[in-house]
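Asks: If you want the building blocks of each chain, they are given just below.
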Amino acid sequence: MEATVDRYVDHTLVSLRGELDLYNASRLREIITAESMQGSAALLINLTDVSFIDSSGIGALIHGKGLFQKSGRVFALCSLQPSTQAVFRMTRLEAFFKIFADEETAVRELELSREPARGAATEASL
Amino acid sequence: MEVEERPQPTQAGAGPAPQSRRSSERPIFSAYEVGKIAVPVERIIAEELGGHTPVLTEDTPTLEVFELYRNYPRADFFPVKSRDGKIAGYLRRQMFFAALSQNDFTRDLLLKPNVSIGSLMDPRVAIIDAWTRLSDASDRLMAREEEIRFDPFVITLDGEVMGISSVRRLLEGLNKYLRMDMEACARAQRSLLDSPPLQKVENLAQTHVSVLPLADPGGDIAGIVELSERLTLLYLFDVCGKGLPASQMTLVIGAAIRSLFVEPVSADADLLRLGLSQRLQRFNRLVAEMTPETNYATGIVAAYDKQTRVLQLFDYGHALAYLRRGSRVFSLCEGLESDHSGEPPFFGISAETRAPVRNFQLRRGDLLMLCSDGIAEQKNEEGVDWGPRGICAALRCVDPDQPLDAALVWMEASWRAYRGQSRITDDRSWLFLRAD
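These protein sequences, in sequence, are chains A and B. Under my numbering, residues 1 to 126 are what the first sequence spells out, in order. Under my numbering, residues 127 to 562 are what the second sequence spells out, in order.
Worth flagging that the hints you see were computed from the coordinates, not collected in a lab. The structure displayed is predicted, hence computed values, not measured ones. Treat the hints with care, since some could be wrong.
Stated by the list, open to error - Each pair of labels, with its calculated beta carbon distance range:
#: 1; chain 1: B; residue 1: Arg270; chain 2: A; residue 2: Ser113; range: 32 to 40 Å
#: 2; chain 1: B; residue 1: Pro199; chain 2: A; residue 2: Gln38; range: 28 to 36 Å
#: 3; chain 1: B; residue 1: Val510; chain 2: A; residue 2: Lys98; range: 26 to 34 Å
#: 4; chain 1: A; residue 1: Asp10; chain 2: B; residue 2: Thr434; range: 50 to 58 Å
#: 5; chain 1: B; residue 1: Tyr198; chain 2: A; residue 2: Lys70; range: 37 to 45 Å
#: 6; chain 1: B; residue 1: Ala477; chain 2: A; residue 2: Lys98; range: 54 to 62 Å
#: 7; chain 1: A; residue 1: Gln85; chain 2: B; residue 2: Gly285; range: 49 to 57 Å
#: 8; chain 1: B; residue 1: Gly401; chain 2: A; residue 2: Phe52; range: 34 to 42 Å
#: 9; chain 1: A; residue 1: Lys98; chain 2: B; residue 2: Asp527; range: 20 to 28 Å
Unchecked claim - Residues of chain B clear of chain A, computed beta-carbon distances all greater than 12 Å:
#: 10; residue: Asn240
#: 11; residue: Val241
#: 12; residue: Arg275
#: 13; residue: Gly345
All C-beta atoms in this analysis are idealised placements derived from N, C-alpha and C, irrespective of residue type, glycine included.
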């Protein structure tokens with residue numbers, strides 16, 4: 001599992017790649033917690049490259065939503081694969097999370113900015 | 127999970143929050159935690175070297191180190207102190223001999239009596255206080271650069287070098303405490319749930335339940351409670367995650383079922399007056415309060431009225447409930463909607479969660495089947511899930527005239543046939559009820 005974090009002026013985008021399961025869910029939880037502490041007004045998780053998600057992965061996302069919701073901030077998901085979408089539908093998580101078809105739709109509907117955070121080099125990586 | 131981060135420049139250089147030296151303010155809840163001070167010293171080297179680990183200094187002549195490594199062939203690592211007495215680096219046998227053996231010139235040069243090891247040592251030494259939790263120590267060591275990630279490290283106590291240790295020893299320590307916890311949890315689970323380690327099969331009048339943990343202790347819990355002469359309660363919970371946290375939550379659910387449904391305390395008149403829906407709310411609240419907020423279970427609770435054949439189904443985001451009627455199979459949770467309270471639809475995660483409920487009028491001969499997601503998510507040799515479609519196809523072929531344990535045998539056989547040689551990855555539980 002890999003994660004890329006892009007910071008924009010009014011939100012953070014976390015793009016995940018691979019399988020989100022028991023073995024890396026705690027790491028995702030840490031990333032979400034860290035982003036919450038950075039004070040980001042909204043966190044968008046892009047799941048376009050997530051091929052599998054298990055109950056621990058779902059737990060990490062629920063944790064994220066709780067964390068952001070508590071302080072009146074936005075936590076949203078976008079670009080779910082059909083297999084992930086099926087899990088979300090079956091467990092009725094579709095109603096629980098804000099889910100958008102793709103990143104563009106999420107940014108538009110949540111009225112988020114595409115302007116990178118001050119000094120953030122969106123193409124650079126650490 | 128690897129993280130590629132693209133931070134703002136203002137955050138550059140900001141280190142992790144300082145950790146408290148002693149972690150006694152954090153709750154000790156298991157043998158694993160109690161073992162936090164047991165970062166093991168590498169005894170072999172200490173014993174060979176007379177019960178203490180020599181600490182070199184930057185001024186130690188290379189010739190002396192050469193003799194040390196030659197005389198103690200199992201010694202692999204020595205810490206190096208700077209002139210001010212602080213640990214400044216380390217010197218591994220491999221690094222040392224690699225430097226010596228580059229060519230004859232370097233060997234002659236490095237072994238001159240006036241040459242010291244200052245330039246050979248690696249300054250990236252890991253120093254772990256002996257009070258550090260094993261898990262924290264492991265995190266710190268694994269965060270090192272790749273080429274030194276598995277190098278030995280220095281253990282200090284009150285600022286003094288206590289010894290050296292290796293990642294292997296640390297992982298052995300972690301495993302030991304984890305194993306102790308798992309064994310303790312399995313024992314507790316067996317006593318509480320009255321479940322033998324690998325299989326639990328109960329036969330009641332028109333019901334059948336089977337819980338097959340992948341490993342002991344398990345994360346599934348299923349059972350049947352006769353609430354009254356009329357009313358039978360069926361439950362199946364599948365706790366998220368695996369290992370100790372999952373089995374601890376299973377224990378809490380099991381204990382709560384006992385106290386709320388199996389042996390309700392007669393003095394708790396309020397509880398006995400509650401309807402099923404309210405009692406389930408209390409059940410959920412109890413579990414949510416007693417377990418970490420990151421843990422949850424999916425589950426289904428059903429109450430069957432034998433007189434009217436009405437089945438009341440509460441779904442905590444589990445969805446795997448099927449009804450076989452004649453030759454047709456229906457998914458009972460399809461189309462159920464959450465209560466829109468903004469709470470996750472799962473069990474034990476929020477005190478406010480209310481499961482959506484649906485009533486079904488069963489007919490004589492109807493077969494209800496609940497199962498855990500370990501069954502639905504089992505992959506075949508091509509990596510494809512059995513899924514609800516596979517479950518429905520197999521359930522359609524159950525012989526309606528056979529006893530319910532035969533239904534279990536048939537479903538298990540169908541599941542095994544689908545699985546082929548692929549790995550079993552989860553606990554699996556089945557629960558059957560026939561309306562007679």
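Asks: What are the numbers of the hints that this structure violates, sorted from low to high?
Replies: Violated: hints 2, 5, 6, 9, 13.
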